[in-house]
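Chains as they are written, first to last, in my numbering: chain C, 24 to 263; chain L, 408 to 486; chain R, 408 to 486; chain Z, 6 to 611.
Note that these hints are calculated values from the structure, not bench results. It is possible that some hints are incorrect.
[Unchecked claim] DSS-like cross-link-like pairs, simulated, lysine-lysine; straight-line CA separation at most 30 Å:
id	chain 1	residue 1	chain 2	residue 2
1	Z	K68	Z	K88
2	R	K448	L	K418
3	L	K418	R	K431
4	R	K448	R	K431
5	C	K100	R	K465
6	L	K448	R	K431
7	L	K431	R	K465
8	Z	K34	Z	K88
9	Z	K225	L	K431
10	R	K448	L	K431
11	L	K465	R	K465
12	L	K465	R	K418
13	L	K448	R	K465
14	L	K418	L	K431
15	R	K418	L	K448
16	L	K448	L	K418
17	R	K465	L	K418
18	L	K431	R	K418
19	L	K465	R	K431
20	Z	K34	Z	K68
21	R	K431	L	K431
22	R	K418	L	K418
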Amino acid sequence: MSRIGVIIFPGTLDDVDAARAVRHAGAEAVALWHADADLRGVDAVVVPGGFSYGDYLRAGAIARFAPVMGEVVAAAKRGMPVLGICNGFQVLCEAGLLPGALTRNASLHFVCRDQWLRVENTATVWSTRFEPGAEILVPLKSGEGCYVADQHTLDELEGEGRVVFRYLLDSGGGTGSPNGSRNDIAGITDARGRVVGLMPHPEHAIDPLTGPTDDGLGLFLSVLDAVGAAGALAEAVSGR
Amino acid sequence: MARVVVDVMPKPEILDPQGQAVAKALPRLGFEGVTSVRQGKRFELEVDDAVDDATLAKIAETFLANPVIEDWVVRRVEP
Amino acid sequence: MARVVVDVMPKPEILDPQGQAVAKALPRLGFEGVTSVRQGKRFELEVDDAVDDATLAKIAETFLANPVIEDWVVRRVEP
Amino acid sequence: MTSIQQIDTVEHAAATRDHPQPYRELGLKDDEYQRIRDILGRRPTDAELAMYSVMWSEHCSYKSSKVHLRYFGETTTPQMREKMLAGIGENAGVVDVGDGWAVTFKVESHNHPSYVEPYQGAATGVGGIVRDILAMGARPLAVMDPLRFGPADAPDTRRVLPGVVAGIGGYGNCLGLPNIGGEVVFDPSYAGNPLVNALCVGAMRVEDLHLAHATGVGNKIILFGARTGLDGIGGVSVLASDTFSGEETGPGRKKLPSVQVGDPFTEKVLIECCLELFREGLVVGIQDLGGAGLSCATSELASAGDGGMRVELDRVPLRAEGMTPAEILSSESQERMCAVVRPSDVDAFMRVCDRWEVTATEIGEVTEGDRLVITWHGETVVDVPPRTVAHQGPVYRRPVQRPTDQDALRANIPDALPRPSTPDDLRDTVLRMAASPNLCSRRWVTQQYDHYVRGGTVLAQPADAGMIRIDETTGRGVAVSTDCNGRYVRLDPYAGTQLALAEAYRNVAVTGATPVAVTNCLNFGSPEDPGVMWQFEQAVRGLADGCVALGIPVTGGNVSFYNQTGSTAILPTPVVGVLGVIDDVRRRIPTGIGGQAGDALLLLGE
Ligand SMILES: Nc1ncnc2c1ncn2[C@@H]1O[C@H](COP(=O)(O)OP(=O)(O)O)[C@@H](O)[C@H]1O
Chain C
24 MSRIGVIIFP GTLDDVDAAR AVRHAGAEAV ALWHADADLR GVDAVVVPGG FSYGDYLRAG
84 AIARFAPVMG EVVAAAKRGM PVLGICNGFQ VLCEAGLLPG ALTRNASLHF VCRDQWLRVE
144 NTATVWSTRF EPGAEILVPL KSGEGCYVAD QHTLDELEGE GRVVFRYLLD SGGGTGSPNG
204 SRNDIAGITD ARGRVVGLMP HPEHAIDPLT GPTDDGLGLF LSVLDAVGAA GALAEAVSGR
Chain L
408 MARVVVDVMP KPEILDPQGQ AVAKALPRLG FEGVTSVRQG KRFELEVDDA VDDATLAKIA
468 ETFLANPVIE DWVVRRVEP
Chain R
408 MARVVVDVMP KPEILDPQGQ AVAKALPRLG FEGVTSVRQG KRFELEVDDA VDDATLAKIA
468 ETFLANPVIE DWVVRRVEP
Chain Z
6 MTSIQQIDTV EHAAATRDHP QPYRELGLKD DEYQRIRDIL GRRPTDAELA MYSVMWSEHC
66 SYKSSKVHLR YFGETTTPQM REKMLAGIGE NAGVVDVGDG WAVTFKVESH NHPSYVEPYQ
126 GAATGVGGIV RDILAMGARP LAVMDPLRFG PADAPDTRRV LPGVVAGIGG YGNCLGLPNI
186 GGEVVFDPSY AGNPLVNALC VGAMRVEDLH LAHATGVGNK IILFGARTGL DGIGGVSVLA
246 SDTFSGEETG PGRKKLPSVQ VGDPFTEKVL IECCLELFRE GLVVGIQDLG GAGLSCATSE
306 LASAGDGGMR VELDRVPLRA EGMTPAEILS SESQERMCAV VRPSDVDAFM RVCDRWEVTA
366 TEIGEVTEGD RLVITWHGET VVDVPPRTVA HQGPVYRRPV QRPTDQDALR ANIPDALPRP
426 STPDDLRDTV LRMAASPNLC SRRWVTQQYD HYVRGGTVLA QPADAGMIRI DETTGRGVAV
486 STDCNGRYVR LDPYAGTQLA LAEAYRNVAV TGATPVAVTN CLNFGSPEDP GVMWQFEQAV
546 RGLADGCVAL GIPVTGGNVS FYNQTGSTAI LPTPVVGVLG VIDDVRRRIP TGIGGQAGDA
606 LLLLGE
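With the sequences and hints as input, model every part of the structure.
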């Protein structure tokens, strides 16, 4: 069975949800403690949401220095799939794995709501299960979700198709952001399509009993396709 | 046109969780020797010359700072 | 022991919704003549004398500020 | 700097019997002060005076409400008590909800602090109630926030409401507790005295129930969590001045704000740390530090135990310099807990705290005998029978008098008011009602609260009751609703309170859950006003009698008096919370009608 790591910083909140989503998708969830510089042999990593260290300085600013993050950065450079959700996205930006930064919502208020997104890029390891242009409904809950980057970075992201998720005003409607994000960006990927970060919470949309939909499961199923295939290939090559 | 800076800091006896979080993190990042950190806000205002000091003080006290828990200082700075 | 102030402000090209909210609210409260407001952070540090300027610059750049969106200034002040 | 020689020790107090003390400034009446002297056989030390004055306050001692609250116990039948594992008198009520699960819930008020500093007042209100639930041994699972404000367009409401909502969201969101419901009500009577009530619900395995007892001679007392600072010691600062004549010089800290700042991150870590301590079986007894801080925690733990207690106050980690024993005992610094730990477990306890980077300090131990003895650098500053501090405060039977305007108020019925009759009038009325602050959507408030975190929320706003799953395997869950219409209560406190109970009960029942327990937060004006006391007495009787009729017990609650602007009291507002159980949340009944075209619509009742 594939093993997906879920990182826990002091102040992480959505780790139980991320682990549940991993299990729902059919993989084993492995808790990774911030203070241990050890990924325990996992095939992919989720950096979940919450308020690491209270986010008192800047969201993600302290967490990115945690011992486990050094391992995550190194593994990501080798191509390990990494998903940052909400605070996890902020941590990945602070750690330099993804460009740009997340700032205070334009409304200055924390916002918790069900949010329509369009899947713009279905080639990343975290989005292959979606149809191009698919619209999904997942919770958004953040106070510092406004994506900003300089114009050059934005042009690059758009030019290379690295915007993975974009905010929609409504299903079937135009794009529009609930927090002031540039270009209505909800989620982006690194150049290789293996590190993805997004503000909305796919892990809260895996069961219509407790979330708006089960649309979020697509991200977790996608990565299992990728690491499952890689695992099978590695097993075949090594003759295991 | 004048430039005005208003510094707003938590009162000394008031808990400052933000400063505390920074202070605790620094040694973990390998920076030793910082014995205390307090975190506050800095406002930079551009104001018409007609705005006098009394008005600025009023703005700081009633709006930029929360006098129950914060101290503030208003300074005019060179542009 | 030295006192150090680090001012961290949003870069001019970065949207500053907090500063904007303040600027918009002031006329409503009867304060005219403030043409622009930007809101940033102010840190007050107490540091051992052994901590040199290069270290302080490093703390500000790698930690207190996010260079993608913020500018910063480090100053030693009289105690 | 306070030097040790200046400290008022027991020995010094015994030798200076006639030394004048500022007990009135601390809120004690002449006879109350005399009672303390009688109990101790001497004058109290500064530290003792600080403890008694805060523990004998209305807020901590329930001195005006006790005689009435007894009625809850008197009317609870053994049958109603069947599922109750802990009731009134514990930090929070606990009920057995089946499958080996116990659920605990409680509402508390943070009205006055939230008026002074809306954000921090509301934030620390959430923090306090969450620690209450944690102290029962439970994992906190969800919060709710019944709120009352003055008119929506009043300037003060514009100051208070956004701050309160941001504070509740800021703290609760950061703790990772879903907000599953609450109330927002506007009425002019709350203009100078908004109500900020916070509810928390938590769950644990039945065998993990922890009660606040300091038992076992030799067991250690460990204080853990945040450092102790000058927060909320406002009144007690009179003790720090050299003389009590109000001199402006001297070391007195007369102008201290009594505002506490919340640190939700520290509380989140404290929660996880406590739960790990419980799991590892390292805790004999535990108590949260809330109002009255260490005064409350030490005296309550000691008086509920089977021995005495000795505390070395100079070991308490401080955030401010030069704090006196009285100040340390009175500090209301947030995010602290106090545990009783077997000596053999202390190392393991400290290791868990280390892992969560939680400051933990052994400050004393359970002793033979029945005295609470507190020392400061080796000198005794407190030596009291703990029960006299925690449980034997004054009890008042305040005058009760039905207000003279009650009949006129009731006679003033709405029949004389014009009624809309034409279709246009009706349309107009419906639109006005839908847009009115008391009926319009609460989304502006509720969308600032995370209701998804932890993935167990099955129903939240805009449902009639919040519902959370407590067991992922079986689907067992609980539903909670809080309600109160203060205008009904004003017209008839007895029936009005029963209406609040009935509404909360119905709100829980319509989700598919079975109501099992009741909590309350009784927000009233001054107990020194006989009319208010009448409202209070009627409300308590109405609620208790209503509970008997419904067959579910009151398991806990909170009383908040002195809610008034000048001499005008708020509408009597006994907020009633009802908890229900559902054995499988998949069978919940979602809110709203017309899921399917062709559904039949039935009206039940008259
Ligand atoms: N302060 C609040 N915090 C959280 N939820 C709230 C708050 N106020 C209202 N709600 C929720 O909004 C919904 C509508 O509230 P309300 O209009 O008071 O309902 P009702 O009139 O049916 O009792 C309910 O789900 C309620 O729990």
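Results for each hint:
A distance of roughly 29 Å separates the Cα atoms of K68(Z) and K88(Z); the hinted pair therefore holds under the 30 Å criterion. Restraint check for K448(R) and K418(L): satisfied, since their Cα atoms lie roughly 16 Å apart, inside the 30 Å limit. In summary, the hint linking K418(L) to K431(R) is supported, as the alpha carbons are separated by about 27 Å, within the 30 Å threshold. Proposed proximity of K448(R) and K431(R) is supported: the alpha carbons are some 20 Å apart, at most 30 Å.
With a C-alpha separation of about 25 Å, the suggested pairing of K100(C) with K465(R) holds against the 30 Å cut-off. Under the criterion of a C-alpha separation no larger than 30 Å, the hint pairing K448(L) with K431(R) is consistent with the structure, at around 18 Å. For the proposed pair K431(L) and K465(R), the alpha carbon gap of about 17 Å is at most 30 Å, so the pair holds. For the hint pairing K34(Z) with K88(Z), the CA-to-CA distance comes to about 41 Å; that exceeds 30 Å, so the pair is violated.
Under the criterion of a C-alpha separation no larger than 30 Å, the hint pairing K225(Z) with K431(L) is consistent with the structure, at around 28 Å. Straight-line distance between C-alpha atoms of K448(R) and K431(L) comes to about 18 Å, which keeps the hinted pair within the 30 Å bound. Of the supplied pair hints, the one linking K465(L) and K465(R) is violated, its CA atoms being roughly 37 Å apart against a limit of 30 Å. For a cut-off of 30 Å, the pair hint linking K465(L) to K418(R) stands: about 27 Å separates their Cα positions.
The hinted pair formed by K448(L) and K465(R) meets the criterion: a straight-line CA distance of about 21 Å does not exceed 30 Å. For the hint pairing K418(L) with K431(L), the CA-to-CA distance comes to about 20 Å; that is within 30 Å, so the pair holds. About 15 Å separates the Cα atoms of K418(R) and K448(L), which keeps this hinted pair within 30 Å; it holds. Our distance criterion of 30 Å between C-alpha atoms is met by K448(L) and K418(L), whose separation comes to about 12 Å.
At roughly 27 Å between alpha-carbon atoms, K465(R) and K418(L) fall within 30 Å of each other, so this suggested pair holds. Note on K431(L) and K418(R): the hinted pairing holds, with a Cα-Cα distance of about 27 Å set against a maximum of 30 Å. For the proposed pair K465(L) and K431(R), the alpha carbon gap of about 17 Å is at most 30 Å, so the pair holds. With a C-alpha separation of about 13 Å, the suggested pair K34(Z) and K68(Z) falls inside the 30 Å cut-off, and the hint holds.
Our distance criterion of 30 Å between C-alpha atoms is broken by K431(R) and K431(L), whose separation comes to about 36 Å. Distance hint between K418(R) and K418(L) is fulfilled; the C-alpha atoms sit about 28 Å from each other, no more than 30 Å.
Violated hints, in rising order: 8, 11, 21; the structure is consistent with all others.
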